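Asker: Sequence:
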Amino acid sequence: MASSIRTLNPATGKIEKEFDAYSSEQINQYIDDANELYKTWRFESFEERKAIMKRVADEMRKQKPRLAALITTEMGKPLKESEIEIDYSANIIEYYADNAEKFLANTPLETEKGTAYIVSEPIGVLLGVMPWNFPFSQIARFAGPHIMAGNTVVLKTASNIPQCGIAFEEMFTAAGAPKGLYKNLLMSGKDTDKIIENPKIVGVSLTGSEAAGAQVASIAGKHVKPSVLELGGSDPMIVLDDADIEKVMSGTINGRLRNAGQACTSSKRIIVQEGIYDEYLKKITDHVNKMVVGDPTQPETEMGPVSSENALEGLLEQISDSSKKGATVVTGGKRLEKDGFFLAPTILTDLKPGMKGYDEEIFGPVVCIWKVKDIEEALQIANDTPYGLGASIYTENVANAEKIARRIDSGMVYVNKQVSSSPELPFGGVKHSGYGRELSKAGILEFVNKKLIMIAK
Numbered sequence: 001m002a003s004s005i006r007t008l009n010p011a012t013g014k015i016e017k018e019f020d021a022y023s024s025e026q027i028n029q030y031i032d033d034a035n036e037l038y039k040t041w042r043f044e045s046f047e048e049r050k051a052i053m054k055r056v057a058d059e060m061r062k063q064k065p066r067l068a069a070l071i072t073t074e075m076g077k078p079l080k081e082s083e084i085e086i087d088y089s090a091n092i093i094e095y096y097a098d099n100a101e102k103f104l105a106n107t108p109l110e111t112e113k114g115t116a117y118i119v120s121e122p123i124g125v126l127l128g129v130m131p132w133n134f135p136f137s138q139i140a141r142f143a144g145p146h147i148m149a150g151n152t153v154v155l156k157t158a159s160n161i162p163q164c165g166i167a168f169e170e171m172f173t174a175a176g177a178p179k180g181l182y183k184n185l186l187m188s189g190k191d192t193d194k195i196i197e198n199p200k201i202v203g204v205s206l207t208g209s210e211a212a213g214a215q216v217a218s219i220a221g222k223h224v225k226p227s228v229l230e231l232g233g234s235d236p237m238i239v240l241d242d243a244d245i246e247k248v249m250s251g252t253i254n255g256r257l258r259n260a261g262q263a264c265t266s267s268k269r270i271i272v273q274e275g276i277y278d279e280y281l282k283k284i285t286d287h288v289n290k291m292v293v294g295d296p297t298q299p300e301t302e303m304g305p306v307s308s309e310n311a312l313e314g315l316l317e318q319i320s321d322s323s324k325k326g327a328t329v330v331t332g333g334k335r336l337e338k339d340g341f342f343l344a345p346t347i348l349t350d351l352k353p354g355m356k357g358y359d360e361e362i363f364g365p366v367v368c369i370w371k372v373k374d375i376e377e378a379l380q381i382a383n384d385t386p387y388g389l390g391a392s393i394y395t396e397n398v399a400n401a402e403k404i405a406r407r408i409d410s411g412m413v414y415v416n417k418q419v420s421s422s423p424e425l426p427f428g429g430v431k432h433s434g435y436g437r438e439l440s441k442a443g444i445l446e447f448v449n450k451k452l453i454m455i456a457k
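Residue numbers (the UniProt record's numbering): 1 to 457.
Don't read these hints as lab results, they were simulated from the structure. Check each hint, because a few of them may be wrong.
[Claimed, not checked] With a straight-line Cα cutoff of 30 Å, these simulated DSBU-like cross-link-like pairs (lysine-lysine) come out:
#	residue 1	residue 2
1	LYS80	LYS102
2	LYS371	LYS102
3	LYS113	LYS64
4	LYS102	LYS50
5	LYS17	LYS194
6	LYS373	LYS283
7	LYS50	LYS80
8	LYS80	LYS338
9	LYS39	LYS50
10	LYS14	LYS338
11	LYS283	LYS247
12	LYS282	LYS200
13	LYS283	LYS371
14	LYS54	LYS450
15	LYS403	LYS325
16	LYS325	LYS338
17	LYS14	LYS102
18	LYS54	LYS338
19	LYS431	LYS373
20	LYS200	LYS102
21	LYS247	LYS457
22	LYS50	LYS222
23	LYS417	LYS431
24	LYS54	LYS222
25	LYS441	LYS417
26	LYS324	LYS282
27	LYS431	LYS247
28	LYS371	LYS194
29	LYS247	LYS324
30	LYS102	LYS283
[What the hints assert, rightly or not] Pairwise CB distance ranges, derived in the manner of DEER restraints:
#	residue 1	residue 2	range
31	TYR117	SER188	25 to 33 Å
32	THR297	GLU110	58 to 66 Å
33	THR12	GLU246	42 to 50 Å
34	LYS17	GLU402	35 to 43 Å
35	LYS194	LYS451	29 to 37 Å
36	VAL292	PRO108	56 to 64 Å
37	LYS282	GLU317	27 to 35 Å
38	THR285	ASP374	45 to 53 Å
Computed from a predicted structure; not experimentally measured. All C-beta atoms, glycine included, are put in the ideal place defined by N, C-alpha and C.
Go ahead and model the full structure; you've got the sequences and the hints to work with.
Answerer: Dropping the structure here:
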C-alpha cells in the first residue's frame, strides 16, 4: 500500500513537499487505535466531548494564518477565501459541540403498550473520504458531528492536499484529544476499498466524484455498512424578469466564480428570462473581463488557478467541444499565459444537449447562460440533468419562487441567494448527487443507532 504523496502548488506548477504514504500495517494500527478508544469514548459525557472539540475550534482560530496559507498553497484559492474557510470550519465544530446533546436527546414515543423512547447511540469507527476543494470545512462537517455523537474517526483526504490533512490532525493534538479520536491517513485513493472492508470500520462518508461515490457505495453495501455520499452537482440558477439585478450579480459572483468555480454547489447552469437577459449578460461580461486572476497570496487577487493540469485540460476540452458544436464563447475560454494552471474566466451561451457544456458538470470558472421565455422552459432546463444537489431562484415574488422550488428536482433550493452551506441547515442532494445529509441535526443522525427502548406495563 505504501507509496509517496506529493503536494504541488497549482499557482506555480512546482512541487512543494513529498510524503511517504502509510503502510498497510500502519493504517491497520491506526484503525485499531480508533476502535480501542471508541470503547470508552462512546460513554464519555457530552461535556467532556464538548471541551475537547471547543479546544479544536479555538486552535483553528489561533492558527488561522498558517492554516489558510496551507490551503492556498495546496489548492490555489485566494488567501482571503482560505481565511474565511478556516473560520467557517471552526464554527461548524463549535456548533456541534454546543448542540450535540440537544440533537441526540431521547425521543419519547406514544404507545399503549407501556413506555417507549428512542436513544441515539454511536456506532464505532467511521471513515471519511474528503475532497480538495474545501480542505478544512469538508472535514469539519464530517468530524464535528460524528465525534460529538461518540464515534471515532479516520480520515482520507485528497492526495493533492496532504499538508492540510496533517494540519487538521494537529488541531486535535494541540487540543489534547486522546489517541485514536481523529487520525489523518496519508494514503492513495486506490487503497480506500481496503479500508472500507476492514471489519472495524462501521460506516463511510464520501464527498467527491460520482464515480468515486459509486465505488464507495458498492463496497460499503457489500459489507452492509451505512454510507453518506455528497457527489457532483449541476445546480440551476433561475433568474426571472422581476429579479433584483444586484442580487443576481452577487449570486453569480459568489455562486459561480468563488473558489474558481470549483464547488459542487456552484451555479453551473444560469437560466435567465428574456426580459432581463441582455442587462444581465452585459453586467456579468463586464465583471468577468475586469476580474483580477493571478497569485492567490496577493490581496488584490479575485480568482486563483484551478487545481491541476488535468483539471485545466478538462475544462478547455469542455469549452472547445461546446464551441465546435455551436455554443458561443462570449469571453475567456483560454489558458492564461502564467505559470501554474490558470483559466481565463469564461462565459458560454447557446448551449444545447450533446455539448459537453450542457451534458457534463463543469468544475471551473465557466459561466454557462441560457435565455428562456418563461418558467416552463426554465424548469425544463433546470431538471434536465442527472444531478440534483442545489438550485437557486431570483425573483421579487417570493410566493411564486416557493411554488417553483417545489418543481425543481434537488435537495436544496435557495431564493435570492446562491446555494451555500451553514451549520444549522441540512446539506445534501438527490439523484446522482448522492444521498444522506450533512450539517444541522440531520447530519449528526447519519451515523447513530436509533435504538428503541420499550418498557412494558
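Asker: The structure should be examined with respect to each hint, and the outcome stated for every one.
Answerer: Right, here's what the structure says about each hint:
With a C-alpha separation of about 34 Å, the suggested pair LYS80 and LYS102 falls outside the 30 Å cut-off, and the hint is violated. Restraint check for LYS371 and LYS102: not satisfied, since their Cα atoms lie roughly 47 Å apart, outside the 30 Å limit. Taken as a hint, the LYS113 and LYS64 pair is broken in the structure, with Cα atoms around 55 Å apart against an allowance of 30 Å. Pair hint LYS102 plus LYS50 holds up; C-alpha atoms about 12 Å apart against a cutoff of 30 Å.
At most 30 Å may separate the alpha-carbon atoms for a hinted pair to count; LYS17 and LYS194 meet this at roughly 26 Å. Distance hint between LYS373 and LYS283 is fulfilled; the C-alpha atoms sit about 20 Å from each other, no more than 30 Å. A hinted pair counts as satisfied when its Cα atoms are at most 30 Å apart, and LYS50 with LYS80 qualifies at roughly 29 Å. Pair hint LYS80 plus LYS338 holds up; C-alpha atoms about 21 Å apart against a cutoff of 30 Å.
Between LYS39 and LYS50 the CA atoms are separated by roughly 18 Å; this keeps the pair inside 30 Å, and the hint holds. About 13 Å separates the Cα atoms of LYS14 and LYS338, which keeps this hinted pair within 30 Å; it holds. A C-alpha spacing of about 12 Å is found between LYS283 and LYS247, which places the hinted pair at or below 30 Å, so the restraint holds. Restraint check: the Cα-Cα separation between LYS282 and LYS200 comes to about 57 Å, which exceeds 30 Å; the hinted pair is violated.
Straight-line distance between C-alpha atoms of LYS283 and LYS371 comes to about 15 Å, which keeps the hinted pair within the 30 Å bound. This hinted pair checks out: LYS54 and LYS450 have alpha carbons roughly 26 Å apart, not beyond 30 Å. About 35 Å separates the Cα atoms of LYS403 and LYS325, which puts this hinted pair outside 30 Å; it is violated. For the suggested pair LYS325 and LYS338, the alpha carbons sit about 29 Å apart, so the restraint of at most 30 Å is met.
Taking the CA atoms of LYS14 and LYS102, the gap is near 48 Å; set against the 30 Å cutoff, the hint is violated. Between LYS54 and LYS338, the direct Cα distance comes to roughly 42 Å. Violation of the 30 Å bound is thereby established for this hinted pair. For the given pair, LYS431 sits about 27 Å from LYS373 by alpha-carbon distance, which is consistent with the 30 Å threshold. This hinted pair checks out: LYS200 and LYS102 have alpha carbons roughly 28 Å apart, not beyond 30 Å.
Between the alpha carbons of LYS247 and LYS457 the distance comes to roughly 59 Å, so the proposed pair goes past 30 Å and is violated. Of the supplied pair hints, the one linking LYS50 and LYS222 is violated, its CA atoms being roughly 35 Å apart against a limit of 30 Å. Between LYS417 and LYS431, the direct Cα distance comes to roughly 23 Å. Compliance with the 30 Å bound is thereby established for this hinted pair. As the CA atoms of LYS54 and LYS222 are separated by approximately 37 Å, the hinted pair breaks the 30 Å bound.
Restraint check for LYS441 and LYS417: the C-alpha separation of about 22 Å stays at or below 30 Å, so the hint holds. Taking the CA atoms of LYS324 and LYS282, the gap is about 24 Å. The hint holds against a cut of 30 Å. For the hint pairing LYS431 with LYS247, the CA-to-CA distance comes to about 29 Å; that is within 30 Å, so the pair holds. With a C-alpha separation of about 48 Å, the suggested pair LYS371 and LYS194 falls outside the 30 Å cut-off, and the hint is violated.
Between LYS247 and LYS324 the CA atoms are separated by roughly 33 Å; this puts the pair beyond 30 Å, and the hint is violated. Of the supplied pair hints, the one linking LYS102 and LYS283 is violated, its CA atoms being roughly 46 Å apart against a limit of 30 Å. In this structure the hint that TYR117 and SER188 lie 25 to 33 Å apart at CB is violated, the actual value being about 45 Å. As the Cβ distance of THR297 to GLU110 is approximately 59 Å, the hint placing it in 58 to 66 Å holds.
Between THR12 and GLU246 the C-beta distance comes to about 36 Å, which lies outside the given range of 42 to 50 Å. Taking 35 to 43 Å as the suggested C-beta distance range, the pair LYS17 and GLU402 does not conform, at roughly 50 Å. For LYS194 and LYS451, the hinted distance range of 29 to 37 Å is satisfied, since their beta carbons lie about 30 Å from each other. The given range of 56 to 64 Å is respected by VAL292 and PRO108, whose C-beta atoms sit roughly 57 Å from each other.
The given range of 27 to 35 Å is respected by LYS282 and GLU317, whose C-beta atoms sit roughly 28 Å from each other. THR285 and ASP374 have their C-beta atoms about 24 Å apart, which leaves the hinted 45 to 53 Å range violated.
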